[in-house]
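Asks: Protein chains in written order, with the working numbering: chain A, 136 to 312; chain B, 614 to 1360.
These are computed hints drawn from the structure, not numbers from a lab.
Everything numeric in this text was worked out from a predicted model, so none of it was measured.
Any given hint could turn out to be false.
Stated by the list, open to error - Below, in silico cross-link-like pairs of lysine-lysine (PhoX-like), each with a Cα-Cα straight-line distance of 20 Å or less:
| no. | chain 1 | residue 1 | chain 2 | residue 2 |
| --- | --- | --- | --- | --- |
| 1 | B | 679 | B | 1166 |
| 2 | B | 867 | A | 294 |
| 3 | B | 867 | A | 145 |
| 4 | B | 719 | B | 1312 |
| 5 | B | 1313 | B | 730 |
| 6 | B | 848 | A | 294 |
| 7 | B | 848 | A | 272 |
| 8 | B | 848 | A | 145 |
The chain contents come next:
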Amino acid sequence: MRYAMAVDTKKCVGCSDCVVACQTENNVPIGYCRDWVVEVTDGTYPQLEMEIRSERCNHCANAPCVRCCPTGASHIVEGGIVLVTPTECIGCGACIASCPYDARYPHPKGYVDKCTFCEHRIKNGMSPSCVEVCPTKCLYFGDLDDPNSNVSNVLRLRKYKTLIPEAGTDPQLFFLI
Amino acid sequence: MANRREFIKISLYGAGILAAGAGTYKVIKALSKEEEEEIKKLAIDLKRTPTYCEVCFWKCAGWVYKNPDGSIWKIIGNEDDQNCNGRLCPRGTGGIGMYYDGDRLKTPLIRTEARGKQVFREASWDEALTYISEKMQKIAKEHGPECIALFTHGSGGKYFGDLLKAFGSTNIAAPSYAQCRGPREVGFMATFGEGLESPEPTDIRDTKCLVLIGSHIGENMHNGQVQEMSDAIDKGAVIITVDPRFSTAAGKSKYWLPIKPATDMALLLSWIHIIISEELYDKNYVEKHTYGFDQLKEAVKSYTPEWAYGITTIKPDIIRKTAKEMADASPAVIVHPGRHVTWYGDDTQRSRAIAILNALLGSWGRRGGFFRPETFEMPTYPHPDFPEPVRTWRDAFPGKYVLADLALANGICDATIPVTTRDCSFKGWIVNGTNLIETLPNQKQTIEAIQNLDLLAVVDTMPMEITGWADVILPECTYLERYDSIRTGPARTPQIALRMPAVEPSNNSKPAYWIARQLALKLGLEKYFPHENLEDLLDWQLKETGSSLEEMKRIGVKTFPRSADDLYFSDDEEVEFYTNTGKIELYSTSFLNEGFDPVPTYTAHPEPPEGFYRLIYGRAPMHTFSRTSNNPYLFDLMDENLLWVNPKVAKQWYLKNGQEVFLENQDGVRSQFPIKVRITERIRWDSVYMVHGFGHADKKLSRTYGRGASDAKLITNVMLDPIMGGTGMRGNFVTFILDKAETEVAS
Chain A
136 MRYAMAVDTK
146 KCVGCSDCVV
156 ACQTENNVPI
166 GYCRDWVVEV
176 TDGTYPQLEM
186 EIRSERCNHC
196 ANAPCVRCCP
206 TGASHIVEGG
216 IVLVTPTECI
226 GCGACIASCP
236 YDARYPHPKG
246 YVDKCTFCEH
256 RIKNGMSPSC
266 VEVCPTKCLY
276 FGDLDDPNSN
286 VSNVLRLRKY
296 KTLIPEAGTD
306 PQLFFLI
Chain B
614 MANRREFIKI
624 SLYGAGILAA
634 GAGTYKVIKA
644 LSKEEEEEIK
654 KLAIDLKRTP
664 TYCEVCFWKC
674 AGWVYKNPDG
684 SIWKIIGNED
694 DQNCNGRLCP
704 RGTGGIGMYY
714 DGDRLKTPLI
724 RTEARGKQVF
734 REASWDEALT
744 YISEKMQKIA
754 KEHGPECIAL
764 FTHGSGGKYF
774 GDLLKAFGST
784 NIAAPSYAQC
794 RGPREVGFMA
804 TFGEGLESPE
814 PTDIRDTKCL
824 VLIGSHIGEN
834 MHNGQVQEMS
844 DAIDKGAVII
854 TVDPRFSTAA
864 GKSKYWLPIK
874 PATDMALLLS
884 WIHIIISEEL
894 YDKNYVEKHT
904 YGFDQLKEAV
914 KSYTPEWAYG
924 ITTIKPDIIR
934 KTAKEMADAS
944 PAVIVHPGRH
954 VTWYGDDTQR
964 SRAIAILNAL
974 LGSWGRRGGF
984 FRPETFEMPT
994 YPHPDFPEPV
1004 RTWRDAFPGK
1014 YVLADLALAN
1024 GICDATIPVT
1034 TRDCSFKGWI
1044 VNGTNLIETL
1054 PNQKQTIEAI
1064 QNLDLLAVVD
1074 TMPMEITGWA
1084 DVILPECTYL
1094 ERYDSIRTGP
1104 ARTPQIALRM
1114 PAVEPSNNSK
1124 PAYWIARQLA
1134 LKLGLEKYFP
1144 HENLEDLLDW
1154 QLKETGSSLE
1164 EMKRIGVKTF
1174 PRSADDLYFS
1184 DDEEVEFYTN
1194 TGKIELYSTS
1204 FLNEGFDPVP
1214 TYTAHPEPPE
1224 GFYRLIYGRA
1234 PMHTFSRTSN
1244 NPYLFDLMDE
1254 NLLWVNPKVA
1264 KQWYLKNGQE
1274 VFLENQDGVR
1284 SQFPIKVRIT
1294 ERIRWDSVYM
1304 VHGFGHADKK
1314 LSRTYGRGAS
1324 DAKLITNVML
1334 DPIMGGTGMR
1344 GNFVTFILDK
1354 AETEVAS
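Make a model of the complete structure from these sequences and hints.
Replies: Structural data, given as structure tokens:
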């Protein structure tokens, strides 16, 4: 089992519904977020190109945040999901500094918080809330070990990239281009 | 869905067993772990209540889920709903912020000092309603009941509209008409004999070519259309976007035509010219269904792409290529009518040109073009006839705007300012759910009109600029706290949706129906409001349709079969269009009769003077007009608007990214607050762009006050559409004011 997500940059309109759906689903305090939207424009008017990406924790197979955590609060569970146990987290921030994707934030209650791929939902057979809400259906989620999963299918059919591959973290968030 | 509902029913018993105590212990024991999980999940399901969204006009149906403590947890789209297909947009998802916003209006307020200052005292509902009803009666006695007008946008409009009609006035206006989509309704009406309404019957999911003229789907989060555009992208549809700004949609387009602003008509006429002269039109369709082809052909013969190039800056080969793309996709092509189309004053004619193009391509009534929508008609509870009004707003404009099919908000505003040539002016306004100060152009004039009123009553959930001018403010509860009329609306298949309260009204706020009915009681008009509670009326209506309130509470959305017509015209179908000729009018007889050009022509519009830039405004997907900018969730996504400036312009003015500037328009009107510069290649050098709805001047909006600039404040030049009275608002030019100290003194 290897959970992964693919984001179709050709369809994403950057509406940020994924952000607010995550906030309400997971009670993320207002002013913080576990996912966010990036817009990159290249070129000179009128020869322009734009890429819009919904970004979040890359649930890296080689996760620097887990390696550097002094208490073991950051850990990897079945399916490769990177999680933080709030009660074990001392809020030292080493993981925040180590993450090349800036995917973690200090929760006002004193621990570090991040995307969980909505683990509480997927173990009940549901999709992460961002995937379920996206009006453009640009988010694909599933098990990479299952060749028939949504995410396996779309990665087989489409060109894709990962972010900052040179960091060597083996990210599991793919961007269809 | 059926299976799932059945399962809920079964689990209800399960939950009952759990509650029954030790005697049934064995039964509980018998449940597998999986079943227990399901019951836990379903316990959540059981707490959900149906609603349809009120954050924008798309009205997507959804479910409100609550936390165990009774507070609202989240809102999720209803999978059966055609407007959203189970997926709300960020505003719908963030709709709970409307409920949780601490700045909400909490109790009725009555003004204690002259308008201009916000000095109010708290009042009881009875006192506030008595105040309004007495003023209404006084105005009716002195000037006639028709001198009271209603401005509305949203679900409350129905009840306040009925109240006004019962009182003797039909002057009910929504800025969504003459400040937004009115011109296209009239343009399409003149062509196809019917308007587009909302949601528009664009068959985007099956289109092969989608043409957007300044319409920025994806930034305007018209949910169903955004979803279908995404489906169309998946299926490889060609998107052609015409916009001086590199919009999100432009970024997804095969062709982006970075047109010189205000010249769209030249491009449209040139496309029509090519499609006719190169015989790219749908010959059978045109021959069978249209009227006036020869006149059209003659009228557009000089509009060559070379002619259009000099006006639009779009190269002739691109104009030809894109026309060919449309023709190749025909009839599965949509030249999108847009929504906010009040730009330059010739907007009805521009919409006509769009309609003509669609007619030539044979897309109206065809798969991948425009489908034939059907609306479910809810039965009307019998009530006495409304009195015939003595006068209407039209009497203020003799012989003008005959083709406008709805009241003009700007017209009522104009007719509130007394002039010697008119014997009667409006004396009372009731305003529900529309922030007129930010909605109507020319704020100075709106305020002058307000200063001439004997009564301004505002019903809203939030303090807004308009509430600051009110004599009486009535706090309406949000859509999450009330019943409302059953949602109908045009769709592929007729559907209805229920909104019911998920929670009790906060503070001392009340539902719009209750407010309207209490006013009716005070005015002796109770016979028009026989139902004490709206849910009694809903239950009666629903039972008439074969459903019930009980059923709708469970399912939220109900789908009915189409009554007769097919979704598209069939090949041999004789179609009767509701025009004078019974055909699609390429040459408009109704325009001719009213003295307007029967075929659109090109008019050059003013250009920005040296050192000024055309002010273009638009939407952001996470906000609806000026009404959501204080919503805590949506504020979190976007907390101010930025001024988009092309790098060339920035260099000329030594502007830096993030620098705050004030703006001044051609009439010397300055923005009240500074706006931060965003230097970006995504905007032309002759224009600047900002998202509408920021720069709030009401301090009671604690989050959004003073953030960004208001485009509405800078729109003082209005280009009136002579055909239907729409307010063209894209003819305003702004320059940068960099000396902050000087500006602060001036403002």
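Asks: All hints are to be evaluated individually against the structure, with a verdict given for each.
Replies: Okay, the hints, checked on the actual structure:
no., hint, verdict
1, 679/B - 1166/B, "15 Å, holds"
2, 867/B - 294/A, "18 Å, holds"
3, 867/B - 145/A, "12 Å, holds"
4, 719/B - 1312/B, "16 Å, holds"
5, 1313/B - 730/B, "13 Å, holds"
6, 848/B - 294/A, "16 Å, holds"
7, 848/B - 272/A, "13 Å, holds"
8, 848/B - 145/A, "12 Å, holds"
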